[in-house]
Each structure stands twice: as structure tokens, then as C-alpha cells.
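Participant: Chains as they are written, first to last, in this note's numbering: chain Z, 87 to 332; chain X, -8 to 218.
Just so you know, these hints were derived from the structure itself, not from any lab.
Only a predicted model underlies this, so the values are computations on that prediction, with no experimental measurement involved.
Ideal Cβ positions, reconstructed from N, Cα and C, are used throughout, including at glycine.
Mixed in with the good hints, there may be bad ones.
As the list claims (entries may be wrong) - Derived pair list, reagent style DSS-like, types lysine-lysine, alpha-carbon separation capped at 25 Å: (1) X:K117 with X:K42; (2) X:K213 with Z:K145; (3) Z:K267 with Z:K145; (4) Z:K187 with X:K178; (5) X:K178 with X:K13.
As the list claims (entries may be wrong) - Label-pair ranges, simulated between beta-carbon atoms: (6) Z:N229 with X:P6: 57 to 63 Å; (7) Z:N221 with X:I24: 33 to 39 Å; (8) X:A122 with Z:A222: 29 to 35 Å; (9) X:V74 with Z:G149: 48 to 54 Å.
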Amino acid sequence: MSYNWNWGIFGNPVPTGDTTYLGWMLSGLQTTVLLSLSAWVIALALGSLMGVLRTVPHKGLSGIAAAYVEVFRNIPLLVQLFIWYFVLPEVLPFGLGERFKQDLDPVTQQFVSAMVCLGFFTSARVCEQVRSGINALPRGQKNAGLALGFTLPQTYRYVLLPMAFRLVVPPLTSEFLNIFKNSAVCSTIGLLELAAQGRQLVDYTAQPYESFIAVTVLYLIINIVVMLLMRVIETRSRVPGYIGGK
Amino acid sequence: MNYEFDWSSIPGALPFLWEGMKVSLEITVIAVIFGIVWGTLLAMMRLSPVKPLAMFAAGYVNLFRAIPLVMVLLWFFLIVPQVLRGAFNLDPNTDVRLTSAMIGFALFESAYYSEIIRAGIQSVPKGQVSAASALGMSYAQAMRLVVLPQAFRNMVPLLLTQAIVLFQDTSLVYVSALADFFGAAYKVGDRDGRLVELLLFAGAVYFVLCFSLSQVVRRLQKRMAMV
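Work out the full structure, taking the sequences as your base and the hints as a guide.
Facilitator: Structure representation (C-alpha cells):
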């Protein structure tokens, strides 16, 4: 088995001539990072809201949040993505689906679907972490807040959540890493993120090993950067008095 | 809502979908069995006092956990066919995608299983190992007769949960156009112009299967909780 290694391909211009193959790789990397970060914003916002709802003393609300988590956890990410991208624009009422298909260019459609899908998918996981963070607090904290005359929303806002969020930073780190890895699934709807650019490079250059190695190394770099970043945040958010605290 | 649903293409396609489901289940079962065996070995290597073994296991686990599954699968669909053909002199037209998928999933999942098993082994109190060696057992005997049985008892719910995740992940063999359950559903929907219905159907099937299994796991967890 002989394979002709040629790392020079990355400097070659692409068929359209406006950039090099390296340029394709970097634009894929950019899409992956943008997609993951914007999906993370959705995941964190929705996940926190749902996590709070899961712990409130109201059967209906906590039931809704529990059902939400089960739905997003028990359907494969790929299926969810296809439903967001292929099914939802067809069945959305009030012509919203039509407008999505007509007013947005295909790349934006793919990006929006992928972002919303990853955001909702991850929010169910974030919800569970936030819930366990809130439940890990001593029960007295909530009662103390209420006894001081805070309303329930105030107790959450000033007493429970500030502590709970500091407790769940380490598990949220791994969810944050996962969102970058899961973003690779979005190559299946044609979104040209990192993994898709890697496959495209194979088709154009017939140099699979170079291209896959480059993509894999870029994912490893993303991983390392995120871990270092989160380590800083983890150190700063540690709670004194807890294991691993200051 | 102006979309007209038409579910009529599903009943006729059920046998084809079942063929796909069998592929999904086959990959899951092979990957779970192999993942637990190789994952246990990796966990024991990682906890062993032999430095090179521990480093190899740590490197293996961290590498696989840092790369997206899609990328791992693409690698395996690239490499495995070449290796297999080279090793067994296979006809270049033999379809080895299923084998590639199984090998890819097994090696990938064993990294995740090894982390679960490592945590399980570490959850056994140290005194148990000391007691075993006080009774004259060797390290291997202590592992096999004392530590692992207790560790696995603690781990069963987590191992099953990981199996559910794995079953969901098998849908990603879509990148190789292998017809697993999801691939089959997509093909039928694409052929009949009924993608909406088939995708919703596939989602519902996955949901029912995974949700009921996770309820079983939850019940098991309560029953097996050690006092």
C-alpha cells in the first residue's frame, strides 16, 4: 500500500480560484466556532429557564420542563436536526415556513436550523445540570430566602441561582465541549463547517489523509483552547468551603 | 397549517424499516459488548501502577473523547476498508461499511465506557483491596473477585444509559449511506416525497424506544441501589 503524501495541497487554489484549500479549512473552522458559540447562548438561556422550572413547587410547570428534557434527550441529534431543517419549514403555520424558505438564502437556512437544533438539544442537558445544582443547595437556603420576605422569584434570583451557577460550572464545561463536537453532525444538512470542509477537500484533492488529519488536529485544538478557557473560569467561580474550593 | 400529511407510505415500508432497525441494533450490541470489554481493560490499564500502560490508556481515552464521532466514523470508513482488503485479500467490491461502522463505534465507545468503569472501580472503598491482599490474593485476583463485581453492580445503570446514547448515535452511520433505521426512513421518505412524515415517524420510534428503556434503567437504579 503506497500513499503519496502531499501536504502542499493546502496551498493550492480551489477550482473557483478565489481562495486556497487552506482558506476552505479556515472558513470551516470559523463556521464551527460561530455555530457552537451561538448555539451555546441559546442552550444556556433556555437550559437555565427550564432548569429553574424543573425545581419550582408547581406540578404543571415542573412537568412541562421534565417532558421537555425527555423529548430532547431521547431522540438522536441527527433526527432532531433533520426535523428542524426539513420538517419544520413545511409545517410552520401562518406562512412562517414559507418565509423561512423564500427570504433566507440556503446557507443562512442551514446555519439557523443547525444553531437552533444544537441550542435546544444542549439546553436539555444544561437544564439537568442547573437542576442538580439547585437541588444540591441545602434546603435551608430557600426557606431562609422566603423567611426574609423574598418572593419565590426573588429567592431564585438573589439566593439560589448565584450559588447554583457557581456549582455547575464544571459539568457545564463538558457540555460546552460537547457542543463543538456535536456541531460536526450539522455537516449532514450541507452546512460547510469543519468536518464538511474536510470531506469536500477529499473530493477535490483526492488526498484524504492530509485533509482528515488537518480537520482532526483543528478539533483537538478547539478542545484544548476550550479546556484552558474553562479552567480559568472554573478557578474563578469556585466556592470557598466546598471540595475543590478555594 | 397548510401542509397535507399523508402517512400512507409508512405501512408498506415497514419491512424495509425493520431491516434498517436490525442494522442499528446489530451495531449497538457489538459496540456495547466490545466497548465494555475493551473499556474495562483500558480502565484497569489507566489505574495500573505501570506508567506506560497508564499513559497509553489515558492518551487513547482523551484522543477519542476530543474528536467528534462523525469525524471518527469518517476515519474508519477511510481506513478500515483498506486494512481489511490488504489483510484478507478481499475483492475491492465487497461491502465492508457495516464492519467499518462496528469497529469505529466499538473503539470510540470503549473510550467512554472506560471512563464509566474507571469511576466505578474508584468508587469501591480502598479497604476492600487491602483486605483482599491481606487474605493473600494477588492484584489480579483482588480485581476479579472483589473489586470488579462490586464496581459493575454500581455501574450497571450508567452502562445501560450509555448504551441508549450509543443506540441514538448509530444514526450517524448516515454519513456512509449505510441503511440503518434512520437511513432507511430517510430513503423511503426521499423516494415517496414524504420526508416530513418519515422523519417524524423515525423520531417517534426513537423516542418511544429510548424513553421506555431509560424508564427501565431508572427503576433498576432504584432497586439496585446498595444500602
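Participant: Does K42 (chain X) lie within 25 Å of K117 (chain X) when you go C-alpha to C-alpha?
Facilitator: holds, 21 Å
Participant: With the threshold set at 25 Å, check whether the alpha-carbon distance from K187 (chain Z) to K178 (chain X) stays at or below it.
Facilitator: holds, 23 Å
Participant: Is the hinted range of 29 to 35 Å satisfied by the C-beta distance from A122 (chain X) to A222 (chain Z)?
Facilitator: holds, 33 Å
Participant: Measure nothing beyond the straight line between the CA atoms of K213 (chain X) and K145 (chain Z); if it is 25 Å or shorter, mark the hint as holding.
Facilitator: holds, 22 Å
Participant: Verify the proposed pairing of K267 (chain Z) with K145 (chain Z), using a straight-line Cα cut of 25 Å.
Facilitator: Not satisfied, since the Cα-Cα distance of roughly 35 Å exceeds 25 Å.
Participant: Taking the beta carbons of N221 (chain Z) and I24 (chain X), is their distance inside 33 to 39 Å?
Facilitator: This hint holds: roughly 35 Å between Cβ atoms.
Participant: Within 48 to 54 Å or not, the Cβ separation of V74 (chain X) and G149 (chain Z)?
Facilitator: holds, 51 Å
Participant: If you draw a straight line from the CA of K178 (chain X) to the CA of K13 (chain X), is it 25 Å or shorter?
Facilitator: Satisfied, since the Cα-Cα distance of roughly 16 Å is no more than 25 Å.
Participant: State, for the Cβ atoms of N229 (chain Z) and P6 (chain X), whether the hinted interval 57 to 63 Å holds or is violated.
Facilitator: Taking Cβ atoms as reference, N229 (chain Z) and P6 (chain X) lie about 59 Å apart, which means the hint holds.
Of the hints listed earlier, the one the structure fails to meet is number 3.
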